[in-house]
Amino acid sequence: MERVPILKIGDILLVSIQVDMSDQTAVQLQEDLAERIVATGCHGVIIDITALDIVDSFVGRMLSTIASISKVLDAETVVVGMRPAVAITLVELGLSLNGIRTALNVERGMELIAASRADEWDEADVDEDAETTATP
2 MERVPILKIG DILLVSIQVD MSDQTAVQLQ EDLAERIVAT GCHGVIIDIT ALDIVDSFVG
62 RMLSTIASIS KVLDAETVVV GMRPAVAITL VELGLSLNGI RTALNVERGM ELIAASRADE
122 WDEADVDEDA ETTATP
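Residue numbers for the sequence shown follow our numbering, beginning at 2 and rising by one.
I should point out that these hints are in silico values taken from the structure, not numbers from a laboratory. From a predicted model like this one, the values you see are computed outputs, not experimental measurements. Do not rely on the hints blindly, as some may be mistaken.
[Stated by the list, open to error] Below 25 Å or equal to it, Euclidean Cα-Cα: the simulated SDA-like pairs (lysine to any residue) are:
hint, residue 1, residue 2
1, Lys9, Glu32
2, Lys9, Ser65
3, Lys72, Leu94
4, Lys72, Arg118
5, Lys9, Leu53
6, Lys72, Ala27
7, Lys72, Thr26
8, Lys72, Met22
9, Lys9, Val20
10, Lys9, Thr90
11, Lys72, Gly42
12, Lys72, Ser97
13, Lys9, Asp49
14, Lys9, Val39
15, Lys72, Asp12
16, Lys9, Asn106
17, Lys72, Ala40
18, Lys9, Gln25
[What the hints assert, rightly or not] Between beta-carbon pairs, the in silico distance windows are:
hint, residue 1, residue 2, range
19, Ser23, Ala116, 31 to 39 Å
20, Ala116, Asp21, 31 to 39 Å
21, Arg62, Gln19, 17 to 25 Å
22, Ser117, Leu8, 13 to 21 Å
23, Asp21, Gly42, 30 to 38 Å
Backbone N, C-alpha and C define an ideal beta-carbon position, used for all residues, glycine too.
The whole structure should be built from the sequences, with the hints applied where relevant.
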């Protein structure tokens, strides 16, 4: 069985899907990615689907499942490299990919995750400031 490589780049895990996704490969990817998120404490997952010519409902559901698993483990998912034909197919299949952000390429995906993390830190600072200035 082929495995999909998962690379760590800073606080982000990069998944580059270069193989046809069988059921076994998809399940293994979900397990491997969940383990890597926990082991590394990364807060971002980028899934690069540039090499995929065709995305069917199975792959669409797999991407949604991975995003859900990642979110539960405190990591945001961004899918990058989607070709126009793939986007059209997903829409025609009625797959909205809830919870998944998209970007044109890996660089923009990394920027999205960095901006999202910065927003979370800003919100945490505001909450913390409100707690310290509140009177008993």
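For each hint, the structure was consulted:
{"no.": "1", "hint": "Lys9 with Glu32", "result": "holds (16 Å)"}
{"no.": "2", "hint": "Lys9 with Ser65", "result": "holds (21 Å)"}
{"no.": "3", "hint": "Lys72 with Leu94", "result": "holds (24 Å)"}
{"no.": "4", "hint": "Lys72 with Arg118", "result": "holds (13 Å)"}
{"no.": "5", "hint": "Lys9 with Leu53", "result": "holds (21 Å)"}
{"no.": "6", "hint": "Lys72 with Ala27", "result": "holds (18 Å)"}
{"no.": "7", "hint": "Lys72 with Thr26", "result": "holds (21 Å)"}
{"no.": "8", "hint": "Lys72 with Met22", "result": "holds (22 Å)"}
{"no.": "9", "hint": "Lys9 with Val20", "result": "holds (19 Å)"}
{"no.": "10", "hint": "Lys9 with Thr90", "result": "violated (30 Å)"}
{"no.": "11", "hint": "Lys72 with Gly42", "result": "holds (12 Å)"}
{"no.": "12", "hint": "Lys72 with Ser97", "result": "holds (17 Å)"}
{"no.": "13", "hint": "Lys9 with Asp49", "result": "holds (14 Å)"}
{"no.": "14", "hint": "Lys9 with Val39", "result": "holds (13 Å)"}
{"no.": "15", "hint": "Lys72 with Asp12", "result": "holds (15 Å)"}
{"no.": "16", "hint": "Lys9 with Asn106", "result": "holds (17 Å)"}
{"no.": "17", "hint": "Lys72 with Ala40", "result": "holds (15 Å)"}
{"no.": "18", "hint": "Lys9 with Gln25", "result": "holds (23 Å)"}
{"no.": "19", "hint": "Ser23 with Ala116: 31 to 39 Å", "result": "holds (35 Å)"}
{"no.": "20", "hint": "Ala116 with Asp21: 31 to 39 Å", "result": "holds (33 Å)"}
{"no.": "21", "hint": "Arg62 with Gln19: 17 to 25 Å", "result": "holds (20 Å)"}
{"no.": "22", "hint": "Ser117 with Leu8: 13 to 21 Å", "result": "holds (20 Å)"}
{"no.": "23", "hint": "Asp21 with Gly42: 30 to 38 Å", "result": "holds (31 Å)"}
The structure fails hint 10 only (numbered hints given earlier).
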